[in-house]
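Visitor: Sequence:
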Amino acid sequence: MDTTGDHPAGSRGTGAEVVLCIDADCPGCGWPERTLTLPRGVFGCPKCTHTSTDRGV
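Numbering of the sequence shown is given in the numbering used here, commencing with residue 1 and proceeding in unit increments.
Rather than coming from a laboratory, the hints here were simulated on the basis of the structure.
The calculated SDA-like cross-link candidates involving lysine to any residue, where the alpha carbons are at most 25 Å apart (straight line), are:
1. Lys-47 x Ala-16
2. Lys-47 x Gly-30
3. Lys-47 x Glu-17
4. Lys-47 x Thr-35
5. Lys-47 x Val-18
6. Lys-47 x Asp-25
7. Lys-47 x Pro-32
8. Lys-47 x Ala-24
9. Lys-47 x Glu-33
10. Lys-47 x Cys-29
11. Lys-47 x Val-19
12. Lys-47 x Gly-28
13. Lys-47 x Thr-37
14. Lys-47 x Leu-20
15. Lys-47 x Leu-36
16. Lys-47 x Trp-31
17. Lys-47 x Asp-23
18. Lys-47 x Pro-27
19. Lys-47 x Ile-22
20. Lys-47 x Cys-21
Go ahead and model the full structure; you've got the sequences and the hints to work with.
Guide: Right, here's the structure in full:
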């Protein structure tokens, strides 16, 4: 299994990262879910390029 594909928010992932789906609206575009990349702790959006280290920002 290839786990080095592009993260939905545009950054490159590695095999050591896990991307979770979070039920929270994206502050950038309003999409009703966000992603959380661990262990970096970066929230992203599958529909736009918005990223942050805070769930609500």
